[in-house]
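**Student:** Turn these sequences into a full structure, and let the hints steer you where they fit.
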Amino acid sequence: MSIALRELRRRPGRFVVATAIMTLIAILLMFLGGLLDGLTKGNTGAFRAQRADFMVFSATSQDSLVRSRIDPAVRARAERAPGVTAVGGLGSLQIGSRVPGHGPRDLVPVVLFGYELAPRGLPARPPARGEAYADDVLRSEGVRAGTVIRLGPQRTPIRVIGFVNDTEYSGQPTLWGSLGNWRAAQDANRPGSRVGPGVTQALVVRGGTPEAIDRATGATHTLTVDGAIRKLPGVSQQESVFNQIIGVTVVIAVVVVALFFALITVERVALYGVLKAIGASSGTLFAGVLLQAVLVTLAAGAVGAAAALALDAVIPPGGIPFTTSAGRLLASVAFLLVAAVIGCAFSLRRVLRVDPAAAIGGAQ
Amino acid sequence: MTPALDMEAVRKVYKSGGEEVVALDHADLAVGSDEIVALVGPSGSGKTTLCSIAGGILAPTSGRVVVGGDDISGYSARELTEFRREKVGFVFQTVNLVPFLTARENLLVVDEVGRRTGRAARRRGDTLLEELGLADRANNLPGQLSGGQKQRVAIGRALMNDPVLVLFDEPTSALDTKLGEQVVGLIREEMKRRGTAAIIVTHDERITHHADRTAHITDGRIAA
Chain F
1 MSIALRELRR RPGRFVVATA IMTLIAILLM FLGGLLDGLT KGNTGAFRAQ
51 RADFMVFSAT SQDSLVRSRI DPAVRARAER APGVTAVGGL GSLQIGSRVP
101 GHGPRDLVPV VLFGYELAPR GLPARPPARG EAYADDVLRS EGVRAGTVIR
151 LGPQRTPIRV IGFVNDTEYS GQPTLWGSLG NWRAAQDANR PGSRVGPGVT
201 QALVVRGGTP EAIDRATGAT HTLTVDGAIR KLPGVSQQES VFNQIIGVTV
251 VIAVVVVALF FALITVERVA LYGVLKAIGA SSGTLFAGVL LQAVLVTLAA
301 GAVGAAAALA LDAVIPPGGI PFTTSAGRLL ASVAFLLVAA VIGCAFSLRR
351 VLRVDPAAAI GGAQ
Chain V
365 MTPALDMEAV RKVYKSGGEE VVALDHADLA VGSDEIVALV GPSGSGKTTL
415 CSIAGGILAP TSGRVVVGGD DISGYSAREL TEFRREKVGF VFQTVNLVPF
465 LTARENLLVV DEVGRRTGRA ARRRGDTLLE ELGLADRANN LPGQLSGGQK
515 QRVAIGRALM NDPVLVLFDE PTSALDTKLG EQVVGLIREE MKRRGTAAII
565 VTHDERITHH ADRTAHITDG RIAA
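Protein sequence lines, in the order shown, are assigned to chains F and V.
With the working numbering applied, the first sequence covers 1 to 364.
With the working numbering applied, the second sequence covers 365 to 588.
None of these hints come from the bench; they were simulated from the model.
Small disclaimer: the values here were computed from a predicted structure and weren't measured.
Errors might be hidden in some of the hints.
As the list claims (entries may be wrong) - Listed below are the simulated SDA-like cross-link pairs for lysine to any residue, each with C-alpha atoms no more than 25 Å apart in a straight line:
1) V:K379 - F:K41
2) V:K379 - F:L352
3) V:K379 - F:R120
4) F:K41 - F:R120
5) V:K379 - F:E79
6) V:K379 - F:R353
**Tutor:** This is how it looks when you write it as structure tokens:
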């Protein structure tokens, strides 16, 4: 092992190419992961913020918030479902808004949510009529506490009274007010989709079970919050596409490590012959190859992580949907380490086949 | 005293292109515990094969090989690896030092590939370098050493595990006559000082006077 370490230290030039390629792969991997996380974060924040066990949609809505409608009678039945401890209505309106400082045609897309059960970071009692909390991302649009945002063609005024973090929805910043606020804005700006008194798009529920709730209402489809997140348009597909690209990148890392260390092993056949002749086992020699591959990968991973963190720091809020997390960075390094181990395995056969007799010219 | 090597009726047959090639044919060789034997023969006579079998690098096709009292004839590959690590030393024709390790580290490689003894190995390495006149070259890489110095480092490496038998494969082939003479003189001096047995494989009759005995090998047969 220490022979392998000394080679890395004294002949770093030998490993520069592999380290450089692995670093580029690490950066690509972490960039892809950061983009996926950023996109997912921007699409799902409003649901992730829900402090509830389940989300209830109307049975015919295909679990779409926009299509779903829950009337007061259904809600009352849900409240009586076994085990249910709290139920709150939820409504959303995706709409263009006018923000002071922007031109009259420079609309800022927002999603106005009406809530009853407070999501994470919001007060238990929803704000008064005409007031709302804004997602932090809106700061990048010049929104401050006290700013009046005007929604839709009717320019429905909403005064921002505070901010909440990580509640974006469908890649858009959100405003959080009362259900009354939501109904008023919906009715004023979407006259074709007016909602009656007491009607909400969905329910957020604490306690009970999906089966019990759906049985009690007879007209709903209940999902866990995670399940509802997966049903958000594009989220699963986006995740699947990115994960496939990440998978291909890991395969490329396997190929790079396999080729590089296979080449290095071929170059070392004579040296390995001598070391075997003086008593080194194939396992010891392969462990050295593995150690070098792991260290090269860790170095590449460290540079990649530093690059990802730097990128995250310089991207302004509301810019590229990119976010880094310790979990993502560690997972990327773990993927690369697995790739390094698999790649190295291709050298194992060659190490096993090295004949110590070659060291003294006795191989026949 | 237990002989360093006792080979009886050793045969080694290789398969080559569907035909059998007999490299060693009922070879008998005994080497005393502190004896130096020069094994002389032309190219292809089987001397390297004999050396490889005595050192546990190759297994014989038949016959009996006892090194330092251990019958290694039926050893598995794993047992032979351990045997080589602990019982024999090698000095190869092309020296074959690890190019990115210093002289001292090249000696310590023997400890690192086996059960580490750490400080004891470092002490032994330093002692050997001192005895071989390489104390001031301990931290030099092989590329910074002369041919003779490299050969001395290789001898030191072969002695690191305190072997019962050291096998020298053409130790002077890469050296000029004068240096070759010095190196073989050094081998004799070091082996005798330690009471260690050695086989020097060579085709150079001029260096055989440094050995206690010369064994001639031709077509896989030994004529002592």
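**Student:** Indicate, hint by hint, whether the structure satisfies it.
**Tutor:** Evaluated hints:
1. V:K379 - F:K41: This hinted pair is violated, its Cα atoms lying about 67 Å apart.
2. V:K379 - F:L352: Given pair K379 (chain V), L352 (chain F) holds - Cα atoms ~21 Å apart, limit 25 Å.
3. V:K379 - F:R120: violated, 77 Å
4. F:K41 - F:R120: Between K41 (chain F) and R120 (chain F) the Cα gap is close to 15 Å, so the pair holds against 25 Å.
5. V:K379 - F:E79: Measuring from Cα to Cα gives roughly 86 Å; hence the hint is violated.
6. V:K379 - F:R353: Since the Cα atoms of K379 (chain V) and R353 (chain F) sit roughly 18 Å apart, the hinted pair holds (cutoff 25 Å).
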